[in-house]
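Peer 1: The lines below spell out each chain.
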Amino acid sequence: MTTTDSSTTAEVPKGRRRLGDIAFANTARGAGLLILAILAGVAIFLVVQSLSSLTANEANFFTSTEWSPESGPGDAVRFGVASLAFGTVLAAAIALVLATPVAIGIALFIVYYAPRRLAALLGYLVDLLAAIPSVVYGLWGLVYLVDQLQPIYRFLAAYLGWIPLFAGPVSTTGRTMLSAGIVLAVMILPIITAMSRDVFAQVPQAHREAALALGATRWEMIRTAVLPFGRPGVIGGAMLGMGRALGETMAVAMILSPSIAISFNLLQSGNQTIAAHIALQYPEATGTGVSALIAIGLVLFAITLVVNMAARFVVSRRKEFTE
Amino acid sequence: MAKRIDVSDLNVYYGDFKAVEDVTMTIEPRSVTAFIGSSGCGKSTFLRTLNRMHEVTPGARVQGKVMLDNLDVYDPSVDPVAVRREIGMVFQRANPFPTMSIYDNVIAGAKLNNQRMSKRRADEIVERSLRDANLWEEVKDRLHKPGAGLSGGQQQRLCIARATAVEPAVLLMDEPCSALDPISTLAIEDLIAKLKENYTIVIVTHNMQQAARVSDRTAFFNLAGTGQPGRLIEMGDTNKIFTKPDQKETENYITGRFG
Chain A
1 MTTTDSSTTA
11 EVPKGRRRLG
21 DIAFANTARG
31 AGLLILAILA
41 GVAIFLVVQS
51 LSSLTANEAN
61 FFTSTEWSPE
71 SGPGDAVRFG
81 VASLAFGTVL
91 AAAIALVLAT
101 PVAIGIALFI
111 VYYAPRRLAA
121 LLGYLVDLLA
131 AIPSVVYGLW
141 GLVYLVDQLQ
151 PIYRFLAAYL
161 GWIPLFAGPV
171 STTGRTMLSA
181 GIVLAVMILP
191 IITAMSRDVF
201 AQVPQAHREA
211 ALALGATRWE
221 MIRTAVLPFG
231 RPGVIGGAML
241 GMGRALGETM
251 AVAMILSPSI
261 AISFNLLQSG
271 NQTIAAHIAL
281 QYPEATGTGV
291 SALIAIGLVL
301 FAITLVVNMA
311 ARFVVSRRKE
321 FTE
Chain B
1 MAKRIDVSDL
11 NVYYGDFKAV
21 EDVTMTIEPR
31 SVTAFIGSSG
41 CGKSTFLRTL
51 NRMHEVTPGA
61 RVQGKVMLDN
71 LDVYDPSVDP
81 VAVRREIGMV
91 FQRANPFPTM
101 SIYDNVIAGA
111 KLNNQRMSKR
121 RADEIVERSL
131 RDANLWEEVK
141 DRLHKPGAGL
151 SGGQQQRLCI
161 ARATAVEPAV
171 LLMDEPCSAL
181 DPISTLAIED
191 LIAKLKENYT
201 IVIVTHNMQQ
211 AARVSDRTAF
221 FNLAGTGQPG
231 RLIEMGDTNK
241 IFTKPDQKET
251 ENYITGRFG
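In order, the protein sequences belong to chains A and B. All residue numbers for the first sequence refer to this note's numbering, where the first residue is 1 and numbers rise by one. All residue numbers for the second sequence refer to this note's numbering, where the first residue is 1 and numbers rise by one.
Please note that the accuracy of each hint is not assured.
Looking from chain A toward chain B, a few residues come up when the C-beta cut is under 7 Å (computed) [stated by the list, open to error]:
id, residue
1, A93
2, T172
3, T173
4, L214
5, A216
Now the stretches of chain B that chain A is said to cover, found in silico as 3 or more residues with beta-carbon under 8 Å [said to hold, decoys possible]:
id, segment
6, 93–100
7, 244–250
What follows is a set of in silico ranges between Cβ atoms, one per label pair, in the way DEER data are often shown [stated by the list, open to error]:
id, chain 1, residue 1, chain 2, residue 2, range
8, A, A206, B, K240, 52 to 58 Å
9, A, R17, B, G225, 53 to 59 Å
10, B, D9, A, R117, 49 to 55 Å
11, B, G225, A, I35, 55 to 61 Å
12, A, R116, B, R116, 51 to 57 Å
13, A, D127, B, M117, 38 to 44 Å
No lab work stands behind these hints, which were simulated from the structure alone. Even glycine gets a Cβ: it sits at the ideal position worked out from N, Cα and C.
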């Protein structure tokens, strides 16, 4: 605007583009484009590298539960992602179901119930939980947690065994899907808690007072003013957590026993996740074996993408109501 | 339904700072009482102590007595939640719940008292409250659209409907028109005149014409000086306060010779 009107407003200096502006705009633009380039690069790499095994595969990649991706004497290349994808989603789902309510509870306690000092300490401790390396979680899960969970598993099998999820007999090693899910839940707890805490703390005073002035108790105030306002943030946090749970490798690889099957039974070993499977198989893989692992990596990439898009959809669905 | 409020020797503190000093007044039922005074003189603070909303502010506390008919508002056995159900409040900025529809906004408070309300009963309450708030005709075709989509004046009337849906005895209004245009302000003032048939209304306002137009009685608050607590200078019939007040301070403020 100002550059074209320069004839009428003579005293205003011409809109000369300054070097600093140009440099900054281009740096920012470059950073923005870089993310696209990286994403495209990863996707192309995965597709190209997985082609050799996918074309040699004699089983259906999406439905097969077999895993023998390397050809040998009298051995055809047969492998599929079905059981691994199932295990991945199941582990993440367990983690999400267990972690989200606890995270919301912690966040509400920190923001609305705890005395200020305790709240600060608790927030700090939760952040600390996020700083623990996943291999440590894996060790803790394998060496300590699985033993401690045995009585609970036996209880579940004895009293809730009629639900297929908890049917016995309980795995004696405890290296089961439920153990992995519980460890993952602890790992994603800090992310969901931190996101929820931030969004709960941002609820405008006006909304909280509106509820209180109607004679709401603290819990009713939270229900009518805080939770609806915080919902998109909580979902966002849960999806970030789910992203981490889907991709988590080390802890799961250490806890789950190395086998591949599709099983809804959470108390027996059998299931495996994509990320852990890649980590466990990669050292010994050659040729189409490596390519097959890259192919399932591509599937993991796709699952994560779908989860994120689903989360965005959920968050935006009631946009009309969020000003 | 409307109840009398008796305040005696009320002091309000924020931590160690005394914000309001030694207020004693009676607020008559079925009438409009206006609080006027310069900014920071404690009238809003005092208003919020009437339904214990000041307790939301950390460090705020009160000495003295507030009686709502026979209920001692500050008795240790009295739940502030119960007080606020009797004494509703409308704020300076309209604050409908942004995630709720118009319908849900109106019924939000009433639902708190009665979780298992029948659909028919809820419909009745919503219609009655919106009619009381002179808003029904404007929104009856879009009750399930978000409340945040209304104009500022409509939002404020929605908040009034939400407050009256709980059927309180008293309605406190903290500068309810300060963010509104003159037409919307007029709509709210008409509404106040109508609501005083059933409620005890207390309104804080910076607009002296408004106080003169809507109120039956007026209370003038002032500061003795910066850093000093706010005090009630004079309270009386609005006519008298605006024509021949007893105190020189009041007269100065009314006539604009202030500070």
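Peer 1: Hint by hint, note whether the structure agrees.
Peer 2: Outcome of the hint check:
no.	hint	in the structure
1	A93	violated (27 Å)
2	T172	violated (48 Å)
3	T173	violated (47 Å)
4	L214	holds (3 Å)
5	A216	holds (6 Å)
6	93–100	holds (count 7)
7	244–250	violated (count 0)
8	A:A206 x B:K240: 52 to 58 Å	violated (36 Å)
9	A:R17 x B:G225: 53 to 59 Å	holds (55 Å)
10	B:D9 x A:R117: 49 to 55 Å	violated (35 Å)
11	B:G225 x A:I35: 55 to 61 Å	holds (59 Å)
12	A:R116 x B:R116: 51 to 57 Å	violated (37 Å)
13	A:D127 x B:M117: 38 to 44 Å	holds (43 Å)
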